[in-house]
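These protein sequences, in sequence, are chains A and B. Numbering follows UniProt numbering, with no gaps: position 332 of the first sequence is 332. Numbering follows UniProt numbering, with no gaps: position 74 of the second sequence is 74.
Don't read these hints as lab results, they were simulated from the structure. One thing to keep in mind: the hints can contain errors.
Said to hold, decoys possible - Covered stretches of chain B (chain A as the covering partner; in silico rule of three or more C-beta atoms under 8 Å from a C-beta of chain A): (1) 110-119; (2) 125-132; (3) 161-170; (4) 234-246.
Just so you know, even glycine gets a beta-carbon here, dropped at the ideal spot from N, CA and C.
This is what each chain is made of:
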Amino acid sequence: MAAAALSSAATATPARRHAALPSFAGLRRAPNAESLQLPSSTGRRGRGRAALTVRASNNPKLPAGRRLRVAVIGGGPAGGCAAETLAKGGVETVLIERKMDNCKPCGGAIPLCMVGEFDLPQDIIDRRVRKMKMISPSNVSVDIGRTLKPDEYIGMLRREVLDSYLRERAEKSGATLVNGLFLRMDKPAGPGERYRVHYNKYDGRAVGEPVTLEVDAVIGADGANSRVAKSIGAGNYEFAIAFQERMRIPAEKMEYYEERAEMYVGLDVSPDFYAWVFPKSDHVAVGTGTVTHKGDIKLLQEATRNRAGDKIDGAVTFRVEAHPIPEHPRPRRAVDQVALVGDAAGYVTKCSGEGIYFAAKSGRMCAEEIVRGSENGTRTITEADLRRYLAKFDKLYWPTYKVLDVLQKVFYRSNPAKEAFVEMCADEYVQKMTFDSYLYKRVVPGTPLEDLKLAVKTIGCLVRANALRNEMNKIGIYS
Amino acid sequence: MALFSPALPSTFSASCSKAQFPQKGRLAFFPKRSLSLFVARSADNGTGTTGSVAVEVNPEKKEEAAAPVAVEEKPEENKEAAVLESNGATVKTEVPPPKFLDPRWARGTWDLEQFRKDGTVDWDAVIDAEARRRKWLEDHPGDSSVDGGVVFDTAIIPWWAWVKRFHLPEAELLNGRAAMVGFFMAYFVDSLTGVGLVDQMNNFFCKTLLFVAVLGVLVIRKNEDVENLKKLVDESTFYDKQWQATWQDENAGGPRPE
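Given these sequences and hints, build the entire structure.
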């Protein structure tokens with residue numbers, strides 16, 4: 001996550017970038033650029049806009065007395081937020097979740113802006129991390145987070161708490177919560193027909209009873225192994241595997257992790273990602289992730305514990321978790337009246353591996369477009385409505401994803417690069433930029449002079465580290 | 001690049017001394033491992049938690065009795081979890097892991113006083129020592145909190161020490177190459193356009209060409225570098241393609257019925 005800052009020279013504020021570089025269309029097709037604005041916000045400008053306005057109101061009206069019914073599959077942050085927004089928008093919403101107390105293996109860090117944007121109560125945040133330690137392959141440790149203001153922090157929470165809170169809120173807004181396991185769905189048989197969603201209903205019983213539900217649209221928020229994605233042929237993505245052990249450590253050792261999280265980089269703990277020690281409610285989570293060396297994950301995990309060393313000495317592991325983490329979005333994220341959000345779509349950043357915020361955000365955005373396209377549940381929706389959500393999401397977050405991808409490619413390449421990465425993170429300017437862009441999810445423009453200094457410094461770090469690496473190779477040969 | 005040529009105190013060859021390292025014997029003691037650092041580590045540092053490095057084999061360890069592990073639950077939704085079963089023993093090292101030892105290494109940094117030679121710090125020796133320490137750590141990655149963490153920053157080694165050590169040995173070659181390439185480029189520009197060498201210097205295009213030549217000499221040092229650069233370009237656009245897939249799919253299929 002460090003240093004989205006690097007790019008600050010290249011990526012100005014979205015607004016500024018938009019004005020200065022109108023041709024930069026991110027991933028959108030040109031016509032969609034216009035459709036991103038709300039129809040009521042400004043007058044007509046250009047053909048794209050006009051087309052949208054017409055299309056939105058052209059969706060056929062539903063019969064009187066029937067509202068648009070949407071099934072949200074999966075009750076994580078993405079599903080919860082989507083269901084809440086849909087229900088508030090007057091859409092008949094059914095949220096299907098297999099396991100209500102599911103505790104997904106997950107770092108559980110959320111940026112500060114999520115608390116405000118999603119109105120999260122303070123008490124679901126277990127810990128407020130204000131110190132972050134990065135440890136390089138040669139054990140150089142750097143404290144980042146010195147630039148944080150007193151009211152700024154990275155929230156650490158437990159997923160079971162967050163998920164059930166968001167689900168409850170969706171239910172309060174009017175969504176129907178179903179404890180069921182999604183099995184498959186059938187496409188509408190013909191015009192005027194609806195999707196048929198098949199699921200096993202549990203309701204606390206051990207054996208499920210098969211139920212079929214007719215819906216107008218489906219939001220797939222069922223995670224990395226999404227069945228919805230499979231059933232619409234959304235294509236696959238490369239995934240990383242994250243392995244995490246939850247450990248209880250002696251109280252005096254826990255003090256150290258009170259407000260602190262640690263990130264380890266190095267070939268020993270992960271060839272292409274980082275390893276972490278994150279504080280949880282009353283324990284720590286120690287884990288690592290990799291794409292390229294999935295088979296070696298246990299060795300990597302062992303190396304991680306070894307690097308944490310004395311700090312987690314005497315720890316008792318009470319839970320071991322592993323989970324796939326998508327590396328990039330699926331080739332198709334919206335097909336007909338089915339859209340994917342969250343991990344199911346593949347919205348996890350590189351470099352930091354962050355996904356909760358983007359999942360919640362994509363769920364909400366998708367739901368907003370459905371509400372808008374259906375005019376509060378009174379009309380049917382089309383793929384164009386769902387594509388509007390995709391366009392919006394891509395436009396808003398593509399720069400963030402790309403920056404993190406570049407950072408990962410540059411700095412997680414090799415040990416010297418990781419060494420340089422940590423060295424660079426000692427810089428206050430880098431820290432400030434990093435945290436600003438992480439906590440508030442906007443790319444802030446830096447000062448050109450500082451950016452230039454940073455570029456020189458970065459190259460210096462990389463050159464030095466690589467020079468040392470050459471020297472190390474010589475030792476290997478001659479000694 | 002001519003910048004780097006002026007005479008600097010040129011003692012770099014003298015300082016590449018390896019014999020003075022007290023840990024040399026220790027290094028020789030650990031057999032050198034190639035390629036896999038993971039294998040090297042788990043076998044070497046004697047943590048005793050994994051007898052073998054094979055992942056497929058479920059390492060049911062003897063110590064597990066002493067360290068009770070309750071694997072409450074495994075996420076059913078991913079197949080990987082089944083393969084990656086717990087090896088969750090407590091972190092207990094029976095033998096204290098090897099520690100990097102060097103009389104000049106103290107409190108997480110190099111004691112520069114001990115590197116003094118004729119009144120000035122012998123930076124070459126510092127570079128040597130640090131390379132050796134990193135190499136050692138790569139072979140025996142260990143506890144990050146030893147000695148309260150490492151505070152040594154390579155940035156304290158002045159830039160000229162790096163240039164002297166790493167650039168000067170190569171400078172002759174690169175300068176020669178740049179001069180050759182530059183000369184022939186000037187020659188061809190002259191023969192094609194009739195613009196003489198002196199006039200070329202006033203020309204923006206020719207200046208750009210000169211810049212490209214110098215940069216090219218710096219970036220492409222070996223033949224493999226061309227391949228690597230190509231790979232780099234592919235790599236840098238790969239993620240874009242992955243994201244664009246959603247939109248391309250639609251374009252390829254023509255307008256969808258809406």
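Now for the hints, and whether the structure bears them out:
| no. | hint | verdict |
| --- | --- | --- |
| 1 | 110-119 | violated (count 0) |
| 2 | 125-132 | holds (count 5) |
| 3 | 161-170 | holds (count 3) |
| 4 | 234-246 | holds (count 9) |
Violated hint: 1 only; the structure is consistent with all others.
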